[in-house]
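Trainee: Residues per chain, in single letters:
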Amino acid sequence: MIKTWELDPNFKEEIMKERGGEHLTACFQCSTCTIGCPITEYVPSYNPRKIIQMSLLGMRKEVLSNPDLWVCLICQTCTARCPQDVRISDLLSAIRRIADKEAEAGNIKIDSSRPIFDKAFQHQLEKYGRLYDIGLAKEYYPKREGSFFKGMMAMMNDYKDFGMRMFKKGKMGPKAMFPEKVKDRAVMKKIFEEMGEK
Amino acid sequence: MGEEAKEEFEPKIVGFTCNWCTYAAADLAGTSRKKYPPNSRIIRLMCSARLDPMFVLKALLNGADGVFFSGCHPGECHYIKGNFYARRRIAAIRTILKQFGLDDRFKSYWISASEGEKFANTMKSLTEEVRELGPNPMRGKII
Amino acid sequence: MGIAIIGGGVAGITAALDLANSGYKVYLVEKNAELGGKMAELAECKVGLSPRVVEIENHPNIDLMLSSELESLSGSAGNFTLKVSGTTVEAESVILAPGYDVFDNIAKSYGFGSPDVVTSLDFEGMLRASTMSGELLRPSDNKPVKKIGFIKCVGSRCQENEICSTACCAYTAKEVWVVKERYPDIDVSVFYMDIRVFGKDEELVAELKDKYGVKYIRSRVPEVIPERGSLKVKYEDLKKGVIANLDFDLIVLAVGLLPSKTLGRLSEITGVKTDKYGYVETSITSPLETNMPGVFACGTATAPMKVRESVAQASGAALKAAILSQRTEPIPGQEERKYIEVGDEQKIGVFICGCEGEVADSVDIPAVVEQVKQLRDVVLVNGDTNTTKEVLEAIEGGIVDQGLNKIVFAGYTPREYENIFKDAVAKAGLNPYLLEFVNLREQCAWVHDKAEATVVAAGMLRMAVGRARYLEAIPIEQYPVIPKALVIGGGVSGMNAALGIADAGYDICLVEKGPELGGGLRETGELQSGEKASDVLKELADKVASNKRITVYKNAKEENVSGRAGSFKANIVGDGVNEEIEFGACVIATGAKDVVPEGYSGKEVITQAEFGKMLGGTVSANTIAMIQDVGEGVAAKYSSIELVANALKAKEKNPNLNIFVLYQDIKTYGKWEALYKEAREKGVIFLRYENAPKYEGGIVTVFDVILNDDVQIKPDLVVLSTPTVPAEDNERLSKMFKIPLRNGFFMEAQERPKMVLTPVDTVNEGVFICGSAVYPAMIDECMAMSTAAASRACVLLAKNFMETPAVSSVVDEQICVGCGVCVDVCPVEAIELTEELIPVVTFGVATVISGMKKVAKVGDGCIGCGSCASYCPSGAMSLKHFRDRQLYAQLDYAL
Amino acid sequence: MKGAELKHGDLEGLLKGLLEKGVVDCLILPHRTGKSVSYMLVKDADKIESSASALFAPSFSVNAANLVKGWTIKEKVGIVAKSCEIRAAVELIKLKQLDNESVLLITTDCSGAYTNQVYTEHYAEIGDLVDSAKIKELEGKGITIRESCSICENRLADVGDIIIARGAGDDLVVAGLTEKGEGALTALELSLEDKDLERAAEKEKIAAEAKAKLASLPELNSLDALEEFLQDCIVCKNCRDMCPVCYCKECFFDQPLGDPIGGDLLNLAELRGAIGLPTGQLFYHLTRVYHVSTTCVGCGACEDACPKDIPLTRFYPVITQKVQEIFKYEPGKDVDEPLPFTAYEEEELEECLR
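Chains as they are written, first to last, in the working numbering: chain A, 2 to 199; chain B, 41 to 183; chain C, 271 to 1165; chain D, 501 to 854.
Hints were generated in silico from the structure; no laboratory data involved. Owing to the predicted nature of the structure, the values given are computational and were not obtained by experimental measurement. Using N, Cα and C, we set each Cβ at its ideal position, and we do this for glycine too. Check before you lean on any hint, since a few could be wrong.
Computed footprint of chain D on chain C; a stretch qualifies when at least three of its residues, placed anywhere within it, have a C-beta under 8 Å from a C-beta of chain D [to be verified]:
#1 1075-1088
#2 1094-1104
#3 1143-1151
Straight-line distance between alpha carbons at most 27 Å, and here's what the computed DSS-like set of lysine-lysine pairs gives [stated by the list, open to error]:
#4 D:Lys576 - C:Lys1123
#5 A:Lys4 - C:Lys919
#6 D:Lys749 - D:Lys574
#7 D:Lys569 - C:Lys1123
#8 C:Lys417 - C:Lys509
#9 A:Lys18 - C:Lys921
#10 C:Lys921 - C:Lys316
#11 D:Lys574 - B:Lys138
Heads up, incomplete: computed chain B residues facing chain D, CB under 7 Å, no partners named [stated by the list, open to error]:
#12 Phe49
#13 Pro93
#14 Met94
#15 Leu97
#16 Leu101
#17 Ile120
#18 Arg127
#19 Arg128
#20 Ala132
#21 Thr135
#22 Gln139
#23 Leu173
#24 Gly174
#25 Pro175
#26 Ile183
Same shape as in the complex, but just chain A (with noise of 0.2 Å):
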């Protein structure tokens, strides 16, 4: 039973106002998106329509606290296809900057390492233009996990299968120990700015 008087009307506003999520409300429930999504095979509970349908009625909390919120992979399939242009990827998106600020305020918990680890990446490219993958690896396993022990048996863990394919491709290794950075990092730095303001 859903009680919207219990909801939040201004909700969907909320999500219009941040980037990405400007087209939240052409949305008329095709199911367009849902049907061609690649991961749905994978996690059959991902609905983007539903969610969708969650925002416009004001299902705050439900939409921002849902894990399935950040299974999206943006391969832009949805994005392609909507007929209603609502760019649901993008949209993904902005709810999910929505959802990490509620989190980081302490108002909702979020049930996903997915977080952790767009953040852990994200600081890799604000600190050297690229990827590091060791300083993602030191960043993310130890936040995931809650010590930094525990991180760095998980991340063994999950390195002793593909580890060695990394190495070869000398992701990992003596090589890649240092990070690599990009020249203009001005660049960089201009463009996370801009992302900060919106």
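Knowing the structure of chain A, use the given hints to seat chains B, C and D on it.
Mentor: For chains B, C and D alone, coordinates are given in the frame of chain A:
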């Protein structure tokens, strides 16, 4: 009658249809190229109300192996209620024919203009049913 | 001068015939080498259209300009000069009917390119081919199709084509129906977003779901995946909340409609403005007028629409154009005709038309000719003609040169061609009832194999010749047409129809049962265009009041209607009036009325119309629940449009207003789709339900099928979209005018299944219907339809005289014994019993009265059903052209 | 219903009263000529004397309704006759061959009747009055009632405006069934009281006997049987002429299409190779049975009229009853009930259409 004779027997059927429904359905069967057996000859009436049961009698006495009548579904008559009256006359003549075991040779249907498929199927089943009955005993008789 | 019509599709053809048949010169310009436009490509429609094409080709008032294009237009209304492929045409007015184009930018994801993914138009072609082979074959491997998936809204309601194409839902339903009717075993699924069908189409969809077992699945399908010889379609199963998939072996994409590519050029040439979608710009109160005076537009030039609406617009545009033009040509069939006396000698001529192979390919015509030659009284058998034109010429020649006095024509169905042939026979000087039709094409060649068809054809001809012997010349009596019309109903449709007829120069009685003109629109605040309904009404009512040709009767109704097309009589009874009027044609525009759905009560519950009026003042609510699609009755065509328009206005007043719309299908067809989108963008929330929402204790509870959960709303205002029911008077008028009703609304004279080419005509010639009396429609459609009804009425009123229906009953007074059963079985009360004294001479001295003699008399109202003749045991009553003797002859030769 | 008790001896006065009080302008009554009984049209009340004794005479000559068919003058005629005759008159009213306002229909109880030849021949044994016991006794002697009477379920008077019912011995009850009938009895100054003349048990008994008799008759259940049955028919059409409900002025079978001659006949012969003469025995009777299918009262006048002694009762009433059953229609029951062919229900008769 023997199986062999049945196979050779080609029934002669004459039918009365109203112009607005069944005749149109027959046309639709045509435009949809729905094939059906060539045994029936259709006499077009404007309304099923024009079916005088005497025509049915005359056809059967003339040796028709089968007679059918078909019009708009009751309540959908182009002439508002012509087929309601027709239905009573048809019921009466059928009752009379039944007395002499001739009612199997007289069929009535309601086929609307959009039922081209039904018309063709009806012609198929009708032909088979009449074939099964064998020739009208009046055929060739001097009466 | 005359009228130029640009476009020879169904709209152009309709407009051309209406105009030409009322004495106007018509220049019909078609860019292709053949008439028919898109409609000729549709499987069933070509057959329906071709008699009209034949009529145009043989029409003395129409200059047919095929393979021609408009190059320039100069001058002004009443005096245009057109250059058409080098030829100069002078015209007083111009009608644009260029038709539409099909959306062709289909996304690759639909598997388009696979031979088994076809567009709806291609599918029509497949259906046509399947009629020949008897099987619906898959293009890739020629195997019979077993499972078809129809995907709707391909190229409409999307970024590439924002608006709804209106026609797809209905044409898909029609295609599905054809499939299921012909191949009941084929499994059909239809993927849709909203089912936007109305009236009869709504019934058809319900029938498809319930009776034919067609699965309608709500999911917009974005991709078709070819996989191991079949085509996989994924969809969202809303009930189960999962992504499911189905395999098909044929996919039909219901592609959208786009404005015709030629329209852009036409707009440049003529100066006619187009809207942002590329359609001719019109307004909802004058849907046929363009910005250029004297240039009118109709059909899919103005918006995507179905055949039915196109045809109505075309008739309407014809009248608009006619009003600006001078009648210069004679009206066909109005000339003096003298018929040759038919003596005792039978001279039967038989003409068998090959019908361009349609008959000749199946029937061995020379063999049939040989057999027919043997028949008694047959003096000429012609099996050499192949087209309608050829056979008509041969028949005329046979009558004029060889003195044939009975004609047997074997070719197409009489249902659509009889009038054309009768006319030709009459022109040649032979009474048209001495013509006998044999339906070789539809009922022989197309349904039997070659060897059989020849035998059947010979048999059918034998029957026809047998009957022809007994055909009688039926004296054709003429009666003058009363150049006056009766319009019933003083709403928008009635007033507009009256004004149309008045502008064409005829007098009108406008009868309104209430105290005021205006009808249902009086309940409306603002129109969707933003105009005040009251302003529109006032303008119309003022025009009606100041028009000298229109006499308005208020608080009145019509009684005792009698007579027939061209010459009716009725009494107008009302406040202090009891007047007998005579009129030649009648337009019924009774409208419909709203009913408030039951189960929703409380002072905060109002109707959408009331809400519309409330929007003129202040709306104090914070949360509004709008409920659509509940209650008994039919949903008006405008109800979704009204709803979103009102929601938008409310949002404009108070952007913080929470509006929840509970619906089953949002039917914002055509350009109105933009309004739906705008409503969403402004934050109106739409919740789709399957079971009607409940309203109890101030709380609306609805099971939202999209969320798969109950949703509760605490509204301050519940706004109900009201379903409509037919006007109370329909029942009475239906009986009086002998026009059948369907669900209480008037039925048009539908001649072909699932296709309406005569949207405002009824089975009772001379009586026309329009507006919400036919189906609760929006004002633009009411305006177009009522102009169409006026146009059709004017085609009739333009005639000087009409012919009495030849197929009517006749009494042999010597035989009639006055039992009166015929009176009782006459469906239209056309027969009465008269009494006369029987004087007898007794003993040669005194004359005494021995009693009363009762005799049946057939009145003017006879519609020729033959019910009376079939009862009459003595044969005193007979139906002309279907006399016992004629039917006996057919019977005798049938066996 | 309201009625009064009478004795047989009161009948003469009752009938005379109808004329004298001006209830009717004339009367059609059974009329004895020697041993035979036929009808007479009476204007002068004094001529009624001979009639009273013939009122219940078990003899059938013509159907009285056939005598007034086409009575379209305003003068009011009273008809005293058996149930089958009055029923025929009611059907004629519906067919406008009689005017309800110009007739007073008086139905007498009937025990079954003999053909007038049998009656005349055996008058000594039959007498003026019979009852079922007497009929049985006579049957033993080979004197049998008409076949149509033996299968008739409606012998007891229960239709018309007035009924005259026989009780035990000399008792009679006269009762009005309609307003018109009651009015007439009131005009005769009879003191009327409520009477129950349903006689359900008696009717049931008669019906059971009639049904049993009908079941014992040979059934015409095939075309062959019908052909054989009609083989002697000379298409003289006497059956039609004597039929009270055959009301056409000019029968279809007297017109060229029904009775082809000359070229038309030759045409038919050409089409079929040969045709039998006289033509149309089957067509004529089958058409006729359809024409009277809802109105036939089963009086048997057709059979009496047949010069070739074809037992037409086994054809006409037997078949028409079946048609009447599907319409739940009993001919002659009520003047206000519409003829089946002039009425319909929107949904009906599905079982009769295939």
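Trainee: Against each hint, give a clear statement of whether it holds in the structure.
Mentor: These are the hints, each one checked on the structure:
Given a C-beta distance limit of less than 8 Å, the hint that chain D covers the segment 1075-1088 of chain C holds, as 5 residues qualify and 3 suffice. Counting residues of the segment 1094-1104 of chain C whose beta carbon lies closer than 8 Å to any beta carbon of chain D gives 3, which reaches the threshold of three, so the coverage claim holds. Restraint check on the segment 1143-1151 of chain C versus chain D: 4 residues with Cβ-Cβ distances below 8 Å, three needed, restraint holds. For the proposed pair Lys576 (chain D) and Lys1123 (chain C), the alpha carbon gap of about 17 Å is at most 27 Å, so the pair holds.
Between Lys4 (chain A) and Lys919 (chain C) the alpha-carbon distance is near 26 Å, which keeps this suggested pair within the 27 Å criterion. Between Lys749 (chain D) and Lys574 (chain D), the direct Cα distance comes to roughly 21 Å. Compliance with the 27 Å bound is thereby established for this hinted pair. As the CA atoms of Lys569 (chain D) and Lys1123 (chain C) are separated by approximately 13 Å, the hinted pair is consistent with the 27 Å bound. A hinted pair counts as satisfied when its Cα atoms are at most 27 Å apart, and Lys417 (chain C) with Lys509 (chain C) qualifies at roughly 23 Å.
At most 27 Å may separate the alpha-carbon atoms for a hinted pair to count; Lys18 (chain A) and Lys921 (chain C) meet this at roughly 19 Å. For the suggested pair Lys921 (chain C) and Lys316 (chain C), the alpha carbons sit about 48 Å apart, so the restraint of at most 27 Å is broken. Pair hint Lys574 (chain D) plus Lys138 (chain B) does not hold up; C-alpha atoms about 44 Å apart against a cutoff of 27 Å. Checking Phe49 (chain B) against chain D by beta carbon gives a least distance of about 18 Å; that is not within 7 Å, so the hint is violated.
At a threshold of 7 Å, the smallest CB-CB gap from Pro93 (chain B) to chain D is about 5 Å, leaving the interface hint in force. Of the supplied interface hints, the one on Met94 (chain B) holds, with its beta-carbon coming within about 5 Å of a beta-carbon of chain D, less than 7 Å. Evaluation of the Leu97 (chain B) hint against chain D yields a held restraint, the C-beta minimum of about 5 Å falling below 7 Å. Because the closest C-beta pair between Leu101 (chain B) and chain D is about 5 Å apart, less than 7 Å, the hint holds.
With 7 Å as the threshold, the beta carbon of Ile120 (chain B) stays out of range of chain D, its nearest partner Cβ sitting at about 12 Å, so the hint is violated. Contact between Arg127 (chain B) and chain D, as hinted, is supported at the beta carbon level, the nearest pair being about 6 Å apart and thus within 7 Å. The beta carbon of Arg128 (chain B) comes within 6 Å of a beta carbon in chain D, closer than 7 Å, and the hint placing it at the interface holds. A hinted interface residue such as Ala132 (chain B) counts as satisfied when its beta carbon comes closer than 7 Å to some beta carbon of chain D; here the least separation is about 5 Å, so the hint holds.
Against a cut-off of 7 Å between C-beta atoms, the interface hint on Thr135 (chain B) holds, since the closest Cβ of chain D lies about 5 Å away. Evaluation of the Gln139 (chain B) hint against chain D yields a held restraint, the C-beta minimum of about 5 Å falling below 7 Å. A least Cβ separation of about 12 Å between Leu173 (chain B) and chain D goes past the 7 Å threshold, and the interface hint is therefore violated. The restraint placing Gly174 (chain B) at the interface with chain D is violated, with a minimum CB-CB distance near 13 Å, outside the 7 Å limit.
For Pro175 (chain B), the interface hint is violated, since its Cβ never comes within 7 Å of a Cβ in chain D; the closest pair sits about 12 Å apart. Below 7 Å, beta-carbon pairs count as interface contacts, and Ile183 (chain B) has one with chain D at about 5 Å; its hint therefore holds.
Consistency with the previously given hints fails for numbers 10, 11, 12, 17, 23, 24, 25, ordered from lowest to highest.
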